[in-house]
Amino acid sequence: KAGVTQTPRYLIKTRGQQVTLSCSPISGHRSVSWYQQTPGQGLQFLFEYFSETQRNKGNFPGRFSGRQFSNSRSEMNVSTLELGDSALYLCASSSRGVSYEQYFGPGTRLTVT
Amino acid sequence: SQELEQSPQSLIVQEGKNLTINCTSSKTLYGLYWYKQKYGEGLIFLMMLQKGGEEKSHEKITAKLDEKKQQSSLHITASQPSHAGIYLCGAASANAGGTSYGKLTFGQGTILTVHP
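Chains as they are written, first to last, in this note's numbering: chain A, 1 to 113; chain B, 1001 to 1116.
If you're looking for bench data, these hints aren't it; they were derived computationally from the structure.
Take the hints with a grain of salt, since some may be wrong.
These stretches of chain B come out as covered by chain A in the derived footprint (C-beta under 8 Å, 3 or more residues) [stated by the list, open to error]: (1) 1003-1015; (2) 1038-1052.
Result set (DSSO-like, lysine-lysine): computed pairs, CA atoms no more than 30 Å apart in a straight line [claimed, not checked]: (3) B:Lys1038 - B:Lys1060; (4) B:Lys1038 - B:Lys1017; (5) B:Lys1068 - B:Lys1036; (6) B:Lys1027 - A:Lys57; (7) B:Lys1051 - B:Lys1017; (8) B:Lys1038 - A:Lys57; (9) B:Lys1017 - B:Lys1056; (10) B:Lys1036 - A:Lys57; (11) B:Lys1051 - A:Lys57; (12) B:Lys1036 - A:Lys13; (13) B:Lys1060 - B:Lys1017; (14) B:Lys1064 - B:Lys1038; (15) B:Lys1038 - B:Lys1027; (16) B:Lys1051 - B:Lys1027; (17) B:Lys1051 - B:Lys1064; (18) B:Lys1060 - A:Lys57; (19) B:Lys1036 - B:Lys1056; (20) B:Lys1038 - A:Lys13; (21) B:Lys1027 - B:Lys1064; (22) B:Lys1056 - B:Lys1038; (23) B:Lys1027 - B:Lys1068.
None of these values were measured; they are calculated from a predicted model.
No residue lacks a Cβ here, since even glycine has one placed at the ideal position from N, Cα and C.
Only chain A is shown next, with the shape it has when bound in the complex (with noise of 0.2 Å):
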């Protein structure tokens, strides 16, 4: 099977603008979730979307929203782009959350200038 795929791999953007980040998981996988990592504060839990539905968000603010489509693709958006968003955006995909084993995708680094 192929593994967790996310477009593009590597993204430079200006403050202000928005930005749409693409995952697709691994085939039969419904669940995925996004993290945002960064040297300050980690890795830390953005949302996770099962079946198109939101099951659950982390603590960030409303510029960061994603959505997923009828074949298990996500999308993750971030809008009015700060010097602060600037990290490493990762996807994880599972069968069906986290009490089944859950595989990382490459990344997407942002930056934001």
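Start from chain A and add chain B according to the hints.
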């Protein structure tokens, strides 16, 4: 909220040496994951533990979850340069609704350097 403490924060060993990384939780663990990460890359799944007293091994890496399910250890036998990287433990915990679904809380990571 749940917190995970990893120790040590960094570790430098000579190739061939054994080593242990610990992960301690402030709350009961409902599932404990171990991952390895190369800097700037994605997380590689190593093992998942769910039952108290559970122990799993893969090649030269063994992970255990203690009986009280509040601490896990990762042990590497006869370390090699290929083991170098950042090791992260991630935990699932029950939220107010009874399940954390797809949410994992992570420790700060342990940086492992293996000198040939």
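*asked:* Hint compliance check: list the failing hint numbers for this structure, sorted ascending.
replied: 1, 18
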